[in-house]
Each structure stands twice: as C-alpha cells, then as structure tokens.
Amino acid sequence: MRKLTFLAAAAATLLAACSQQGPGESSPSAASTAGGAAAGGKPVIGLALSTQNNPFFVELKDGAQKAADSAGVQLVVVDAQDDPARQISSVEDLIQKRVSVILLNPTDSSALAGAVQSAQRANIPVITLDRGVDGAEVASHIASDNIAGGKMAADFLAKQLNGKGNIIELQGVAGTSAARERGKGFDDEIATTGMKVVAQQPANFDRAQGLSVSENLLQGNSDVQAIFAQNDEMALGAVQALAGKNKKVLVVGFDGTPDGKKAVQDGQMAATVAQQPEEIGRLGVETAKKLVDKQSVDKSIAVPLKLLTKE
Amino acid sequence: MTLQMNWSRASTLLQRLGSVIGLVLLFIVLSVMSPDFLTTGNLLTVLRQVSINALIAFGMTFVILAGGIDLSVGAILAFTGAITAGLMASGHGMVLSVGAGLGLGLILGMVNGVLVSWGKVAPFIATLGTLTLLRGLTLSYTQGSPIPVTNQGFALVGGGYVANLVPLPVIWMFIAFIVCGFLLRGTVFGRHVVAIGGNEEAARLSGVRIAPMKVAIYGLSGLLSAFAGIVLTSRLYSAQATAGQGYELDAIAAVVLGGTSLAGGRGWLFGTLIGALLIGFLNNGLNLLGVSSFYQQVVKGIVILIAVLLDRRQ
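Here the protein sequences line up with chains A and B, keeping their order.
For the first sequence, the working numbering gives the first residue as 1, with consecutive numbering after it.
For the second sequence, the working numbering gives the first residue as 1, with consecutive numbering after it.
Simulated from the structure, these hints should not be mistaken for lab results.
Small disclaimer: the values here were computed from a predicted structure and weren't measured.
Glycine is no exception: its CB is placed at the ideal position from the N, C-alpha and C atoms.
Watch out, some of these pointers could steer you wrong.
[As the list claims (entries may be wrong)] If you only want the chain A side, here are some residues facing chain B, beta carbon under 7 Å, derived: (1) V76; (2) K97; (3) A111; (4) G175.
My request is simple: use the sequences and hints to build the entire structure.
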C-alpha cells in the first residue's frame, strides 16, 4: 500500500511543482493556464520544436517568445527531441489544448503531413518554420533560403582558394530539407569551379559526430584545403579535429549560432553562413498573430542569410 | 504451502494496485488542473500515442519476467518498418509486405533468443549487439532517407478509425493485450516464462526446456516490436531510418512502472498497460499544462526512479 501512495503522491506533487516552475522559466503568462482557462482571453499559440538540443532552435524559441510577449499572446512550447512520432504526439496535444495557431518546426519533412491535416481538421492553421512538410498545405512557410546559403559558402571558398582545392563536406541529418538544400546549393556551385568535394559524410548536425567524422575523413584524405559543414555544430567539431594538426584548412559552417560566430571572430572558422533563427521565430509569431486577427499572410516568407567572416 | 501462496498473492495484489492508483491519482490531478484534459478527443489521442510503446512493452514484459532484457526492440521496429515500406515502394502488395515485416521481426527476435540461450551471451550484451547491427542495416537499407508510404490501404493501419472515433492503433493495442494476457495467464508457455524468471535452475530441473523457451520469448518480443514498427510507419506515412530511438527505455519504464520486477519472475501484463498509460498521460498532461520540455524529462526521470526504488523495498 505504501508503494502506491508514494508513487501517486510523488507524481501529483511533481506535477503541481512543475506547472508553477515551468512557466516562470519560459513565459510569465503560462502560469494562469496551469490554473485553468486560457489566460484572460489571450490568444494561445503553440510552438512545436524539433529539438532544443541545438542552440539554433533555442534562439528560434527565444525570438518567438520575445515576439509573443510584445504582441500580448501566450506561447506554449513543446519539444520533440528529434523524434517524429513524439512530435506528432505533441502536435496532437496542442490541438487538444485548442491553441489558435500552431507554429511547427518539423523534425523531418515527410512524417508530419498527418499531424498538419489533423490540425486543419480542427480548424487550427499551421505555419511551418525552418523546415517544410511534404504532402500537406500550410498557411505559411517561414525559412531561410538554404540553397542560396549553400551557394554562398561555395562562392566564398572559391574566392579564398582561387577556385582550386579539395573539400570535405559534413552533411546534416539525411532526409531533412535543410541538409538536402544546403548540400544541393553547395555541390552545384562547386561543380562550376575547379574545386572538388573529395569526401562527404553525414554527421547529423551534431558536434561530437562532426568531430569523429572529420577525424576519420582527414585521416583518409591528407590533401584537403577546406571543410564545409552544413551547420555550425558540425563545423565546431571539425575545428576540434583540426586542433593540434599543423595544417591550414578553412572551415565554413552554416547557421551563425553564438558559438559559430565566436569561432569566426577567433579565426578558428573561416566563415559561417548566418541564418537568423530569432528572426524566424519572431516572424512566426507575428504571422500567427495576423492569422488570429483574420488578416491575410504570405504563403512563403524567406528570411535573409548573410555570410559572416572575420572583418 | 497454501498459506505462503496466499500471503505472496496478497502482497503482489497490494503491489499491483500501486500503479493503478497512481494512474487514477494522476488522472484526477490532470483533470482538475487542465480543462482540456478530460475530453473524449484527448483521451483517445493519448491512447493512440501510448499504443506503440504499449505494443513493445507487452513483449518486453515476457522478456523481463523471464529474467532477461531486450534492448533491440527500437532497432527491430525501425528495421522491420523500413523493410515493410521498402517492399511496398518496390511494388509488392500490402499483405505480403506486412507479413514479411512481422516474420522478419519474429526471426530477429529469435536470433536474440539463440544468442542468449545457446550462445550464453548476457541478454544486455546480446541485444545491445543486435541493436547496433540493426541500426546499421536500417541506415544502409534506407540510405538515411525516409521511405514514403503511398499505399492508401496501409495508411489506415496506423491512421484509420473504427466507427469514426476510436483510432485503429488503440484497437491493435487491446487485441495484443488480450492475446498476450491469455498467453501469460492461460497457457503452459506463460507459466514457464514466470518459472524461468523465478529460478532458472529450478525450472530446468522440473522439466522446462529453457533454450527453446527463450527463443520463443525473444521471438515474441521481436514480433511485437515489428508490429509496432508497422503501425508507426503507417502513422508517419513513411519509414524513418532513425525511428524508435530510445524506445527500449520507454518500454522498460512502462514494464517497471507497472510493477514487474526487473529481477524476473514477478509481474503482470495489466501493470505494463497501466505503466504505459502513466507515461502517456504524464507526457500529455505536461504538454497541456505548458510545462517546459526540460522539466518534463526531469519529472519522468523522477517518477521512474521512485517506482524502481519502491520495487526494491518490496
């Protein structure tokens, strides 16, 4: 009998404790929801993130949160930890919570169509952020132009290396549109120069994998002048792989995360194609607010990229 | 002897009630705290979310009851899901593809059983090996990209409804629950599973054929994982190369929360269902309450730790 009372009491206490702590952490307005009805008629917008284990999406969330605070809407954030099945579940939870709009940052382009359709059946418009969803119409898609970004990185390397040299490419999670488009923009542009991608392998947008994959590829290819990583996390892994090696290799990343920008300033990375995740988050919330106010929105909103180098 | 039986029955009963009352309390707390919780739509949604984990956890219950562990369930799910979707993508019919996926899951599970029984490899290591192996095979088969599902009939397996209300995965979960429950309680097979987990040497001496039993137990776990993989693939409209990562831990958590002892020999299938529901309602409730996802993991971790600690005190 003790066991059951303990377990039940513990679960109940934890729940109570967390619903008071959690909101304080993310949004001051969420506390009132924990008590019951949606906060005093404030519109509630749901944000389904792919993962918070990547500073990029944390910045996106921060941008969204700031915009939500200043627009006077409540933001409820759910995190899929990069698992599409978990993301479908959390989108369903947002539908059950009857949020006004769902901002969806999909874990994957192919798996979320069903979840988007269920939201639409419940008359909740969906806006996709950063990655698109195949097989479902959304109210708006807000993302950086990844193909243009890949091309930017290739042009930068062509200029730095006078159009000659061998390149290693670290790819993102296979199947994501970001990995596909950045790779395509980069590879197509490289093909027009005298440079060559001598090795390419996925390191899944992850710093630790970026390190080990770079070590392996550098071991197998001694004559390399540049590494292009499809995000900054992998680029920073590559920087570590190069540390201690007496070799001049240009590392170019993508995203412009705080760590990435710092590495560019310190000269460890040659450049990063900076996205503006806060801007994506901000535009997401503002576009959602327009939908709440029954205004029309653009089907596709491109967030500009910029190449950051050491000045 | 009779007295002892009665006593052990009474104590198991008490222990078993724990998870049920835990669930009921959680249910009440969530109903009070969130106005969106206690609706038919939300409850059915949670049941559907739980179904994948429950299917895997049912198989895991047999393995853990027999004193083993199966870490390869998530990898079997991903591999069989990919093969099923791949067969359909290359023009094979739905029945054949699903049959092949289920058959493959059964065989992969039996391989685990052979490694554990005849190979005398510790279950933790054997299934860790097959986990890694199958993850690699899945990645090379899919080339890392999702395999889309175009077969409309197959899309219903995980996405369809009965009477326009009850999601099909929920029906699969209950059918699997009844079948597995019967296997465990109503057959010699089930009694032998518990006997092996209680005391393997004693079971062997009283005539239980340990090795074939283990092959069958891990085979059942593989079969149910494959079934979960097929339902998930249908639900996602695609087979994901990285599907099911960490699902072994969710399944083990459901089994343990349900009051089945990790040491084997003691436990019940109904508890596993309750354990899976506990995890599902906790996930759902924390999302409805808008709790930061960082704290959500903390809460789940603490709940599991408490359950295991209480299990040790018994």
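For each hint, the structure was consulted:
1. The interface hint given for V76(A) is met, as the beta carbon of that residue sits about 5 Å from the closest beta carbon of chain B, less than 7 Å.
2. A cut of 7 Å between beta carbons decides the hint on K97(A): the least distance to chain B is about 5 Å, and the hint holds.
3. This hint holds: A111(A) has a C-beta 4 Å from the nearest C-beta of chain B, less than the 7 Å allowed.
4. For G175(A), the shortest C-beta to C-beta distance to chain B is roughly 4 Å, which falls under 7 Å, so the interface hint holds.
The structure is consistent with each of the numbered hints, conforming to all of them.
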